[in-house]
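The chain contents come next:
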Amino acid sequence: MDVVHREGNTMTLSMGPQHPSTHGVLQVIVEVSGETVERADMEIGYLHTGIEKSAENLFWTQASTVIERMDYLSPLSNAMCYVLAVEKLLGVTEKIPERARQVRVLLCEAARIASHCVWLGTHAIDIGAISCFWYAFDIRENILDLTEQAGGARMHPNYLRVGGLNGDLPQGFLSKLDELIAKFPERMRELRTLLQNNPIWRDRTIDVGVLSLEDALAWGATGPVLRASGIAYDVRKAFPYSGYEGYEFDVPVRTEGDAYARFLVRLDEMDEAMRIIRQVRKRLDTPGPIAVDDPKIIAPPKETIVLSMEALIHHFKMVSEGFRVPPGDVYQAVEGPRGELGYYIVSDGGNRPYRVRTRPPSLYNLQCLKQLAVGGLIADMVVTIGSLDPVFGEVDR
Amino acid sequence: MEVMPGQFLLGKIDEVARWAQSSSVWPLTMGLACCAIEMMSVQAPQYDIARLGSEVFRASPRQADLIIISGRVSQKMAPVIKRLYDQMADPKWVISMGACASSGGVFDNYAIVQGVDTVIPVDVYVPGCPPTPDGLLYAVNLIQQQIRHGGRGGIFAKA
Amino acid sequence: MPSSQAPSIAGAAIDPPTLRDPTLDDALIERVDRAALHDRVLALRAAGTTMLLDIGAVDYPERTPRFDAVYHFLALPKKQATVAEVGTPKRIRLLVGVPVNDPVLPSLTNLWKNADWPEREIFDLFGIVFSGHPNLKRIQMPHDWEGAPLRKDYPLRGPAREKTPRPAFALKSNVPAGAPPSGKVAQALERQTRRTGDS
Amino acid sequence: MSPYAPVAIFLGVCALAALVFVSVPGVLAARKPNAVKAEAYECGVEPTSEVGGRLPVRFYLIAMLFVIFDVEAASFYPWAVRMHELRMYGVLEMAAFILVLGVGYAYVWRRGGFEWR
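Chains as they are written, first to last, in our numbering: chain A, 219 to 615; chain B, 202 to 360; chain C, 76 to 274; chain D, 11 to 127.
Since the hints were derived computationally from the structure, they do not count as laboratory data. Just so it is clear, the structure is predicted and the values come from calculations on it, not from any experiment. Glycine included, each C-beta is placed from N, C-alpha and C at the ideal position. Please note that a few of the clues may not be correct.
The list that follows gives simulated cross-link-like pairs (lysine-lysine, DSSO-like), each with its CA atoms no further than 30 angstroms apart [as the list claims (entries may be wrong)]:
(1) A:Lys588 <-> C:Lys188
(2) C:Lys259 <-> A:Lys455
(3) C:Lys153 <-> A:Lys588
(4) D:Lys42 <-> C:Lys154
(5) A:Lys455 <-> C:Lys188
(6) C:Lys154 <-> A:Lys394
For each label pair, taking beta carbons as the anchor points, the in silico distance ranges come out as [claimed, not checked]:
(7) D:Ala50 <-> A:Ser349: 50 to 56 angstroms
(8) C:Pro230 <-> A:Glu432: 40 to 46 angstroms
(9) A:Lys500 <-> B:Trp220: 29 to 35 angstroms
(10) C:Pro230 <-> A:Arg257: 34 to 40 angstroms
(11) A:Pro388 <-> B:Trp227: 49 to 55 angstroms
(12) B:Ser224 <-> D:Ala50: 56 to 62 angstroms
(13) A:Pro388 <-> D:Ala48: 52 to 58 angstroms
(14) B:Gly254 <-> A:Pro417: 32 to 38 angstroms
(15) D:Ala50 <-> A:Arg407: 45 to 51 angstroms
(16) C:Pro230 <-> A:Pro417: 35 to 41 angstroms
A few chain C positions that, by computed beta-carbon distances, are all more than 12 angstroms from chain D [stated by the list, open to error]:
(17) Ala111
(18) Leu117
(19) Arg120
(20) Arg138
(21) Ile203
(22) Val204
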């Protein structure tokens, strides 16, 4: 770490890797005169996990385990994007059964709400509204119960597989989902009354970290950060995937581009996500197949293994060798809670991904902090970091 | 300590000190990766670490007794973890939360330190990826038992 | 050595992008020569490309030029736009070959502000130098790390632990599962341990 | 026993208690000093600026102004308690007190002592 010296009357501070309000292991080397930020350089990489290198040494299905651990606030959108990309390479995108598509949309929208809950909780604590953290995490616990019931684990269920799902929804899932749907509007009303018209919250977030439309495009910001600056670019509308064109939902847009606009856009997005979940819930009552019926891609269900020899052989091949993907490269994008999450995957025809390159939305949403922080106070920079909602598992990969 | 008739409590000073110290083990605000989100859920009302007296997450190592390594420790973060541990006031305890902190977990590669115990001494390892909040609560319980049953801490504070 | 015990069936394709299935061409995909990159990006920018989405890199050891830098662009409207006005923006993908003996690429930071970090990351993980970059330093790895980890010839578990056997979980092995950080980081920790004077 | 004895005892006990609370932990607490622990804590990295470096004068100015006007506000309390008995005498006395401090306040305001940037 080259020691940063001092000149003039500015003081150089390291808002370092361990800090209560950097939302992870971000180090901001701030040059401050009094309380005003003169320069804000960022040092990232403190959570670099080499996920892309690990993915190159695992089977196609195993790789989704490490890939899910990139954006740990909504692991399912990572798995969804990876799985869609590999299915595109295999050419089975159309053969995915309807029910698998619906469950994937359901879990991705639930993950979006859960991720926005963690963002709202920690963002509010940074600004001082401690009690909002408990309300937000209450909604998140219900959603984690759903993922745990469906996939087996609270955060990284590894439930989406190339070619479909790991298994059908368990019995109690739909009734628990109805409980969440019934409870959600009242909870959202509480969250809104807590903060939306709170004078302190408005003073702390209005006109803070203003990102103009040109700057948002120049910095490559996507998702709520771009939509708060005026452009309604949402990957679910622009490049529909997994059946999103079948649901009506609108994309909240604002033009001010400050922290309060991003706050409102994300709250409206939670409502829109619940609107999609209600539409999916109606279609989930009809049972149906949950995986493409090509045993070369997805292991046959366990009960068929004891009955037929081919199923046993397919299962053995799937576990011992995995499947092969025809050579080629593909770019698949998905609308994650933080923006356009994309995977550029290259396959050389083998049974392991040759290269998995991630387009991390948090990395590009975070870069503009260097410009947004200058001129404001240190406390405003904390609000800006919170409003950009970076996740460092994704920034550092 | 045992309750004597007439609502009296009899015990050695060291036991009283250990009882007080064990029921307020303050952790350091230091989240790394997915386990940090589960550490936040432990603070949320459903799992509520306040029942163990550890809900006060201190921002500075000077005021923290416990450091929870919640997440994967990368090569760049190892010296930072070591410095934070050294700058904590004695007596101090370490929980290595999750498979990545305890042994590198699923990331057996160049970027992750294969176990934080090669950098700092660890008291309690918590299995899981990420461990459920109950796992972390049980780990804090184990730390409390260590303090009560004669580990570090107490009136003459063996560091 | 792959982390899982099963055999790795390497594919035969040397240059996968050329074998791409034509139905996957949902974007305008072009291969551009290194020298012509800057002008091509200027032309794209004039033609309405408003956002540099991402810069990635891929290592094809048997192919010359060995590396492939992949630039993703998006043509979003430049003014406030509703969902209808955004419609389906055009995606553009440029593939630029980079030889291993002279791994240099022109930096795009003068055209796109957000090219700063991805270019630093490619320099850090692939060793490709970006000429004209204002602050070309390692971004992910420690600043004194050696080697380019994402190259195919870089061992998965890092140079220090390449030969150490994977702990055989099935057998009772006395090989300690944990391994200290490697390289300069280990020396830094050594120095700090000496200063703290513990064991 | 002079009427002020309880006050003296009270102050003595307070001083003693404060002394005990300060010194006993110092004696009993575990002590493992080392070079890194003594260094300034700066979020986990080597400190970038020396400890106790130079601070802009604004911080000092604001602190001083706060002390003055806070002590002034504190001196209203005894008057507020006895306001009715003191009637007009109290009001005049306080008015003079406020006037004196008002002059100081206006001077600082005009000289821009309260602007932060």
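Indices of hints not satisfied (ascending)
2, 4, 6, 7, 9, 11, 12 and 16
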